[in-house]
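Now for the letters of each chain:
Number of protein chains: 2
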Amino acid sequence: MDSVDELQPPDRLLMGPGPSETHPRVLRAFGTPPIGHLDPAFVEVMDETQDLLRETLRTDNEWTIPVSGTGSAAMEAAVGNLLEPGETMLVPGNGYFGGRMAEMARRAGGEAVTIETPWGEPLDPEDVRAACAEHDPDVVGVVHAETSTGVRQPSMPAITEAAHDHDAFVLADCVTSLGGIEFRMDEWGVDAAYSAGQKCLSCPPGASPLSISDGAMEKVLDREDPVRSWYLDLSLLEGYWGEERSYHHTAPVNNIYALREALRLIHEEGLVARWERHRRFSGALREGLWALGLEPVVAPSARLPSLTTARLPGGLAPGAVVETMREEHDVEIATGLGAFADEAVRIGCMGHGARRGPVLETLGALGETLSAHGIDIDPGAGVAAAVNALDE
Amino acid sequence: MDSVDELQPPDRLLMGPGPSETHPRVLRAFGTPPIGHLDPAFVEVMDETQDLLRETLRTDNEWTIPVSGTGSAAMEAAVGNLLEPGETMLVPGNGYFGGRMAEMARRAGGEAVTIETPWGEPLDPEDVRAACAEHDPDVVGVVHAETSTGVRQPSMPAITEAAHDHDAFVLADCVTSLGGIEFRMDEWGVDAAYSAGQKCLSCPPGASPLSISDGAMEKVLDREDPVRSWYLDLSLLEGYWGEERSYHHTAPVNNIYALREALRLIHEEGLVARWERHRRFSGALREGLWALGLEPVVAPSARLPSLTTARLPGGLAPGAVVETMREEHDVEIATGLGAFADEAVRIGCMGHGARRGPVLETLGALGETLSAHGIDIDPGAGVAAAVNALDE
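Protein sequences, first through last, are from chains A and B. FYI, in my numbering the residues of the first sequence are 5 to 396. FYI, in my numbering the residues of the second sequence are 5 to 396.
If you are wondering where the hints come from, they were derived from the structure by calculation, not from laboratory data. Honestly, I wouldn't trust all of these hints.
Said to hold, decoys possible - Covered stretches of chain B, as calculated for chain A (at least 3 residues, CB under 8 angstroms):
#1 14-27
#2 30-41
#3 223-232
Beta carbons are placed, not taken as given, at the ideal position from N, Cα and C, and that holds for glycine.
One chain only, chain A, in its complex shape:
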């Protein structure tokens, strides 16, 4: 075959639904020479990473680990361990990732029942309560931050209460919320939660947070049938991440270096300060988007700070705008997903991207892009509105 050139990816600003911008310190950690996955010095790195994960998830769960794969692997680990063949899982019907939960539940040998809710809206806790009464589920899945629609689930404690009243465990997707938006695992009564690196944690994908309460872990350890995945079986992973530190599989050492550094940055900033930063800069980004004529898909009470779904002015096709942003301005935003694929764009404001520079660069490029596509606006209106919002 021909020779392959030096790796020279374009220098994109990542303001889509993830991967997000990465802090230079995280990249440096990524490129650190690995040590062995059973080296006592690496065990220390594992311990520290677990402590930092607990802090970020606001949990005391001993069972808090990075899964050796991307976010969907953590999701599959959560569903596949917690749900046994023949059991029932409720999943939300208001977005793409509830559908993925259902698919995983079926592959775990369980049954999935969808709580029907329109895309772009959060679940109503009363619907969860009614579905629990009707279907007697073993697990209730909830997506705290729907990456496909930009919807935040505002009523987490009410949902966990409804599920617990029916003795069901609650499994929460916090892929696009962890580290960017208030998430309180223990206080809210969430039994299992998973996330990913490449959203608000601002860490390239490959090692993904998972936390399981003692009660949920007891269910996992009491299973009659083994988990259908050996790789993701928590009862086996216990040997590696628990007290024993015995070999199960080779951990992705450098991904854990990077995740640890990303979590360390969160610790230094302070989690509450970080939530506030996401709120502030995503608010400014939105003011800029509205000033450019975009229209929100999601009602204010359920909007995710980390991801905005919006319709373009003049009926512009999302795909064309996404392409111009990427090819002409090196800024990544994305089209919608699922029901919103042809209707909306998705613009992220996550982690290291939730800052003045990335927000203004995105709005400036978008103003020029819309203008180039024939929309009659002031291309600078977006950046001006954002700066004014930040100045308030």
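For this one, chain A is given, so just place chain B on it according to the hints.
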């Protein structure tokens, strides 16, 4: 919680069963800012990585991808896709990883039948033929390079012939051989093969090679029951790695950057030259080990160049020697695994570690270590023997 210190892992020389030494260019690629997993520029990186994987595996299989996880994830993808519930898989009984294959086969809903062979010896193709006749398997698993014992399977074409005569697919573990030892997927008639980055490819773990022939992929696409893992379902991954390039899960972008660079180094060196380099430096390493009084576990005809299993002189406990090597000399070697856990050490000679410097440093440290543990040898005998072997 307390603050967590800067990441400062010790500077170990990695000469165990993996992770192996990493080339600086691979680390630099790891630390390159990511772009989006659906970016056309990343699709190009994917294409190049697939081409390089095909070259390294010596295959034309279209279905050649890096799995988004470590080697065990690639193994589970291979077993879980190829084997359907109710089907039978033959697995080798001569090492740890054949046992893992059996475990995964059972979790896929299949039956595993072990071909009994002593640890430390290769399979006899006639035993495979007899087991095929007796059990009529759908899949025959074979471990080309047993990381637990240091055994190379020398008779791959005879094994695939025996399996194909009974219409079974052959699934080969080449975790500790790919990129270091002759492996010819198409010529040998291997239907599915998987590997890992952190052995002879010298790439930190996290994205792991998998290749499947058209015939085997046809079986996967014709399955009645869906694969039990959504994350590893090749019929879904086809959408992302195939023509369509549609979203399935977020790929570990930086791991693929690094794997591409590691494969590019192999392309530059030339695969045959690389096999020869492994042969030459592992040969020198072994001469050094024998000069220090270690004794081989495996017969010459089945010894893996990339990994040597050896008993220590004077009945020394492997654990104590491994610890001294690590703590006093910053050299990682490992104890045996499974049947050899308390009997032998495992010393790797893989990828960027298969060079003069690492071999001599290892032998020098081992000479001093054995001497410190009271073995009456010339501590310099190992390095002298290695240099003499290289000089021949």
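Quiz item: Taking 8 angstroms as the C-beta cutoff, is the stated coverage of the stretch 223-232 of chain B by chain A satisfied by three or more residues?
Solution: holds (count 3)
Quiz item: With a cut-off of 8 angstroms between beta carbons, are at least three residues of the stretch 14-27 of chain B near chain A?
Solution: As far as the stretch 14-27 of chain B goes, the hint holds, because 8 residues have Cβ atoms under 8 angstroms from chain A.
Quiz item: Counting residues of the stretch 30-41 of chain B whose CB is closer than 8 angstroms to a CB in chain A, do you get three or more?
Solution: holds (count 11)
In terms of the numbered hints stated before, the structure departs from none.
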